[in-house]
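Novice: So the chains spell out like this:
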Amino acid sequence: MLGWTSLKWLLWISLYVIPVVFLPWAISRTWAHQHGKELHLKPQQMFRRGELGLPSLILASSVIWNLLQSGFTPHTAALGSVIMALSGMMAVTVWVETYCRQASGNDLRPERAWRDSRSLALLVFSMAAVLEILMDRVTRVVSQ
Amino acid sequence: MSAAAPALAKTPRQLAVVRLADASEAVAALSFGFGLLLIFFPVWFPQMIVRSWQRGQLMPIMMVFTLLLDTCLYLRVAYLQSAKPRPVAAACLGSLPLLVIGGLSLLLRSAVSHILLLDLPNLQARVGEEILAHTYLGLVSAVFLPFLVIRLLQQFKAANS
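Taken in order, these protein sequences are the chains called A and B.
Counting from 1, one number per residue, gives the positions in the first sequence under the numbering used here.
Counting from 145, one number per residue, gives the positions in the second sequence under the numbering used here.
These are calculated hints, taken from the structure and not from any lab test.
From the three backbone atoms N, C-alpha and C, an ideal C-beta is built for every residue, glycine too.
Any given hint could be a false lead.
[Unchecked claim] Some, not all, of what chain A presents toward chain B, calculated at C-beta under 7 Å:
no. : residue
1   : 89
2   : 90
3   : 129
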């Protein structure tokens with residue numbers, strides 16, 4: 001049965017999504033209002049340098065921390081941690097690579113950086129959600 | 145050779161270049177699907193996975209599924225770029241999903257033995273949760289890791305050329 005306890009991971013994930021996506025958007029709206037400017041920023045404009053990679057890595061670190069404290073065996077916790085770490089590192093690499101390209105005057109492609117960072121952030125967020133559900137389940141089994 | 149011959153000659157097709165974003169979207173969709181099944185069928189779905197593991201069907205099914213998914217993803221990338229598939233990439237996609245699932249199967253056996261040795265309460269449910277977690281992580285790794293290896297090989301080749 002679908003219960004509220006099964007959905008608590010949604011609240012946990014939203015704690016990351018709200019500051020990452022909603023807060024910058026709200027601040028940009030406030031800034032535009034204060035300065036009397038007409039600004040309608042979209043996420044692909046705000047995160048065009050692959051900035052989504054940084055919160056992805058932070059989220060991955062948080063999930064790894066939770067995995068290490070979960071009721072899973074060390075084998076499963078290690079496997080989950082390695083995969084989360086790889087995904088987070090790849091997500092942050094997009095941001096660093098785009099910064100390096102820009103700093104060195106190399107061929108900068110914001111649309112590609114946005115697409116890559118968005119896809120990898122989506123991957124990290126979806127993996128974090130499923131792993132939180134699995135950890136929630138194992139915690140209930142262990143506490144029984 | 146006449147003047148029109150160079151124009152008529154076939155231009156060699158470029159080799160397909162893989163980006164991690166190509167596989168990431170598919171893995172994210174796979175994760176969301178797995179998560180939704182866990183939320184809406186919290187008893188039936190895990191039981192089905194555990195039963196198929198006990199019958200020895202889970203790993204072959206996962207191998208076939210990930211191999212097909214990886215192949216479809218790579219062919220889609222090649223088709224969208226109008227490029228030719230790379231032989232090394234094809235070899236990676238043909239072997240790595242099987243190796244990853246095979247390796248994780250051994251790791252799962254080791255994890256189950258570890259739980260059985262501890263002699264904890266609610267043993268069967270604990271083993272079921274381990275199998276469920278390994279199934280999910282196995283699916284994700286078998287799709288994501290081959291693309292990661294191909295991407296790293298591409299960068300290594302580009303740096304050396």
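Novice: Indicate, hint by hint, whether the structure satisfies it.
Specialist: Results of checking the hints against the structure:
no.: 1; hint: 89; verdict: violated (10 Å)
no.: 2; hint: 90; verdict: holds (6 Å)
no.: 3; hint: 129; verdict: holds (5 Å)
The structure fails hint 1 only (numbered hints given earlier).
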